[in-house]
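**Q** Residue strings, one per chain:
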Amino acid sequence: MSDTQCHGRVLLLGLDFGSTTSSVLISYARPERGNQGTVLRCNVQDVVYRPAPVFTPFSEHGIDAAALGALLDGWLAEAGIDASQVFAGGALVTGLAAQQSNAQAIAALISERLGEQLLANAGEPALESWLAFMGGSAALSRLEPDCDVLNLDIGGGTTNPALGRDGQVLSSGCYDIGARHLRFVPGSYRLSGLSPQGKRLLLQLGLPARCGDTLSHDAVAQVTAVYVRALEALVSDAGLPPAWRWLGTLPLQLSRQGPRRITFSGGVGELLYAHSATGDWPETSCYGDLGVALAQAIARSPVLSRDLHSHCPPQRGRATVCGLALNSSEVSGASLFLPQPSCLPLRNLPVLGTLRAGQTPQALRQVLALADSCQSGVCFQYDFGCGQAMPGLAQIRCAAAALAEALKGRELAAQQPLVLLLRQNAGKVFGNYVTDWGRSHRALVVIDEVAAREARFVHIGRSHRGMVPVSYFGL
Amino acid sequence: MYKLKDPDSIPVPEFKRSGPYTVRLLDRQFSFRDLNHLLGAADFSKAGDRGAGLSASGEVEREAARSVLSGLTLQHLYDHPPCDGQGRIDSVMRVNYDIDLSVFAGIAALSLGELKDLCLRSPAARLREIGSAMTGVMVAALTKLLDVHELILLAKRLKQGADTRARTRLGLPGTLSSRLQPNHPTDDPDAMTRLIHTGLSMGSGDALIGLNPAIDTVESISRALHHIDQVRRETGAPTQICVLAHIKTQLACLQRGAPVEILFQSLAGTEATLTGEFDVTVALLDEAYEVIHRDGPLAGEGANLMYFETGQGSEYSYAKHNNLDMTCCEALCYGLARRYRPFMVNNVTGFIGPETHLNNTEMTLANLQDHFMGKFMGLAMGMAPCFTLHSEVTIEGQQMATGLLTAAGANFFMDVYLGIDRMLAYFDTSGHDDQTLREVHGLRTAPEYEDWAVSRGIFVRDEDGGVQRRPNWGNPDIFAPSALAAKRLQEAVPAHYGADNAGPRPANAVTRLARINQAIAREAIYTDLRAGEFAGLDLRRADTAARSKAEHLADPELGARLSADAAAALAAEHRDVQIVVSDGLSAEAVHHNLHELLPVLQDGLDSRGYTRGRTLLAPCGRVKLAESVGELLRPRLVIMLIGERPGGDALASRSLSAYLAYRLERGEEQQAAAAVSGNPAIAYEYSVISNIYPSGLPPAEAGSVIAEKAMQILERGAAGNRLEQVLAGAPA
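Residue numbers (my numbering), protein chains in the order written: chain S, 46 to 520; chain L, 78 to 809.
Some hints could be false.
Derived CB-CB ranges, DEER-like [said to hold, decoys possible]:
1. L/Ile472 - S/Ala97: 51 to 57 Å
2. L/Glu801 - S/Gly403: 36 to 42 Å
3. L/Glu354 - S/Pro190: 46 to 52 Å
4. L/Tyr603 - S/Asp481: 38 to 44 Å
5. L/Val225 - S/Pro190: 50 to 56 Å
Counterexamples of contact, computed for chain L against chain S with all Cβ distances above 10 Å [what the hints assert, rightly or not]:
6. Met78
7. Gly377
8. Asp528
9. Pro775
Hint data in this document are derived by calculation from the structure and do not stem from the laboratory. Even for Gly, the Cβ is constructed at its ideal location relative to N, Cα and C.
The following block holds chain S by itself, in its conformation from the complex (with noise of 0.2 Å):
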């Protein structure tokens, strides 16, 4: 596989270790223009790699680096490509791996061996709910843009719900609900791990099991109840009863009315779909915890079930991994300001606030002096106050002359580069006028046709074909 193979294609990689499984999507993508500037665009045809996902490699310790860094090799020995030709992508620890104590550090050698190009982070369920909404259900929620779509990313530690209308998600959380909280011999219900909300469930059920024992039936189906009404009551925005209210970490914040559709991504979004595809179940606890057991016991809730044939998002329930692929990046326009394109990638550049055309060069210098403070480079967004608008010759102008004047004085260093986002078409222009066509301020670089958003860190990766992908973290 090689670029000139590509014809305009890039190529994305999404990499997913959570309680459970981990999985690995690589797939190529078509850069298209739209009406909200550059999105990449994949079919089933695009995906290059996709094997069925596997066991999340722990040890007594937390996860098993030798034995993860394996399995990395193994998948990109068999799909063929190296780490360099990846344009962006994501990997994500999440749900009980998130919680090991090597789980960051996994993040960083995640890092370290698939290129720089990647967005790699550990425990972080805002973002988490944000990736599989955007990767399972965003397609499905701009097809109707007027009702809300909440997606719930059930893995084996954690339930990551998003609320979201038309493509974009408008609110997230957190609860420690899922199917590994409480793991068993497969096939049985003997009890081989409890996690500590595994434990904790169970005494407050009255139910004080230990390694060894075996469950009851109805001692699942009542770990289960607690599960599904947590769940409705997160569906309905009714609050978790009192007594199990620590289970929402970061409770969702829905607060709309209207009409909502209930979408599910993670491992027991998957067995609901496949169920709802096939009528058919895997043996209960095959897996070696409850999803079998949760996956049934939502799927006979009315409340939770009742999108689950006529909303089922494109990728079944694999979210998570595709939406890593596919979302963890933004893609700029294709006319950036960009003198020295050897600056990219450029890692972990915190945002630092907005700049705004109209401000005078002294408000404007007062928000820059944020930039005193740090060694490295730092990121601004710059709004032209005309929302999605292109703003005209005369504005431009104005306010690159006002950014000009308000930098003066101020150097910026090769290594501290000052990048500006944009919402619109118009990155080259601005900074060609700001720098008086690149004769100074070599080190600022403008970045166009990017959302804004709330985040406290961006990642810009290389450039590819004058584009380059932009990830926010720290949301």
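Based on these hints, arrange chain L on the given structure of chain S.
**A** Relative to the frame of chain S, chain L by itself:
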């Protein structure tokens, strides 16, 4: 598989000079220099032939030519094969002489007038026998004697017993089939799927599902073939598929196992065009014929596995018509096509534009001629009476042509959704048109396909044996796994103005949207450049040789050079950059972009200290005007800002392009450019920045992009592919 005759074994007479031919009508003497000029003058007047200097000056001269032609025998035409520019009988002409000599012996002594009468008196089988004994030139000569009724009558008669067979049969009496054309600007699979579903739900695509690809590579074409094959299998529609890439690409795809069911190639009536422009030889076509009949997925199942496209004027548009008129060149295509017993031949006369067919009459007459000629030479002719917005052909003219061609028994039309091709920016027939014509003329689809369409609730057979639409007609959702999936697919289709139908026609609201977009796009072409709007931009005017919009549209060459007066007023200035602004094919593109683009571009160039001449405003210009200006003013770089040819989208009709023409002085740069281009005489290298309009590349941003590209060109001393190689680190 039919065994092809070795071209060298085909007897062809030596070239002999023909003419002059003279005739006196009342008191006027008419003289025609040679057979080429006689044939040209005998034809209906068409823009391409007028441009080539072959048309008659008026009706009397045309009738004089027809009078002379009527008296020439077939033997005379046989003995005088037109030659190419080097006095040679080219390979296309040679193949045309592969005729049934025993039949020819029986008709050789007939004059063309006698032959015409014989044809009008003959049944279908005898007509086909006569056609098999005639070269393309002979058929073209006969055609020039036929009026509209005769062209329709004879073609209709030829529909009997001339069907072809692949997975389905094509051309059976009582049928009107269609080729479903799911084109998309980037070959998007979802858009293709939706367009295929839509067409199939309308009973379209029984002749073929055929994509004109945007990207002609083995990988991309293979992917498209596999995708279309999968969609066809999922729907169960009995038809055949094709991706209309270059024949070499398709053969490579077939070798890799892609489902190349029908092998396609565009043909031309002169070897100079066929080989020089299309990169195809008779030997290659021979090889392809053998491969597809031996290794293709339908080998054994279908007797006819090739598909050709032709259209009057392609040879003339490349100036490689060997001084033959457009009808003759077209007939020579058919003489080549019949060698391979194709499944279908599609005629796209009208596609090129007003330089070959100016208006409805010229397009319609040419279509009727082509249809008859193809049928007479034994081909399964389908027709695509089509147009571009810069011609005077209208949708009403196209519809009238389609009605006449249906009466003449055309085997198939195109199904381009709502008539708007989303990739090729032209207008063709739609699935709505095809169904309407089937209903008007009591026709039906291919029988195998009809069975399937009945089973899917698209059609129903009534008590009288006729076929009626059912509720599923025109509802593509019947093929999608869910309503939401259908909606997702539909979102991928550009210029989709709605799916509502009223009987076999689009609902009025849908038609109005499509027509409004088309009207605005067409207006952009015919709007004159309003120079007064640019008073603040310091432009100097320089007229091209096209004195009016009509001249500009009819003859592309006029817009490629300055008028004598304008040229005389300019002298070498030797600046770094000369900017030229022209409306090209959309004045609105200039009106809506120049105010924001030009100041940015000039600021950028000035920032680097480049000298630039005062910007020229040249109404009615073409891209090549850059070179005419370049030779006069002698700048290093000409930046040509020019309006692009509009398609069917109102906003995109305001799209401007920038052609950056780097003038190559003799020396190292020119030698390097010659090595990269393969053209030893190359004088200009071009870089292009296109799609400049507010919803595409906004004009202010475009000004900056063009300025940076100009800086790269001037700094590196290269443009086009050579510049990209230099920027990528390769030696220039």
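**Q** Beyond 10 Å from chain S, beta-carbon-wise, is L/Met78?
**A** Correct as stated: the minimum Cβ-Cβ distance to chain S is 33 Å, above 10 Å.
**Q** Is 36 to 42 Å a correct range for the gap between the Cβ atoms of L/Glu801 and S/Gly403?
**A** holds, 40 Å
**Q** Please confirm whether L/Gly377 is truly not at the interface, meaning its C-beta sits more than 10 Å away from all C-beta atoms of chain S.
**A** Correct as stated: the minimum Cβ-Cβ distance to chain S is 29 Å, above 10 Å.
**Q** Beyond 10 Å from chain S, beta-carbon-wise, is L/Pro775?
**A** violated, 5 Å
**Q** Just to be sure I understand the hint, the distance between the Cβ atoms of L/Ile472 and S/Ala97 should be within 51 to 57 Å; is that true here?
**A** holds, 53 Å
**Q** At the C-beta level, are L/Glu354 and S/Pro190 separated by a distance inside 46 to 52 Å?
**A** Since L/Glu354 and S/Pro190 have Cβ atoms about 48 Å apart, the given range 46 to 52 Å holds.
**Q** Taking C-beta pairs only, is L/Asp528 more than 10 Å away from all of chain S?
**A** holds, 30 Å
**Q** Mind checking the hinted window 38 to 44 Å against the Cβ distance between L/Tyr603 and S/Asp481?
**A** holds, 42 Å
**Q** Please test the hint of 50 to 56 Å on the beta carbon pair from L/Val225 and S/Pro190.
**A** Since L/Val225 and S/Pro190 have Cβ atoms about 53 Å apart, the given range 50 to 56 Å holds.
Hint 9 alone, counting from the list given before, is not met by this structure.
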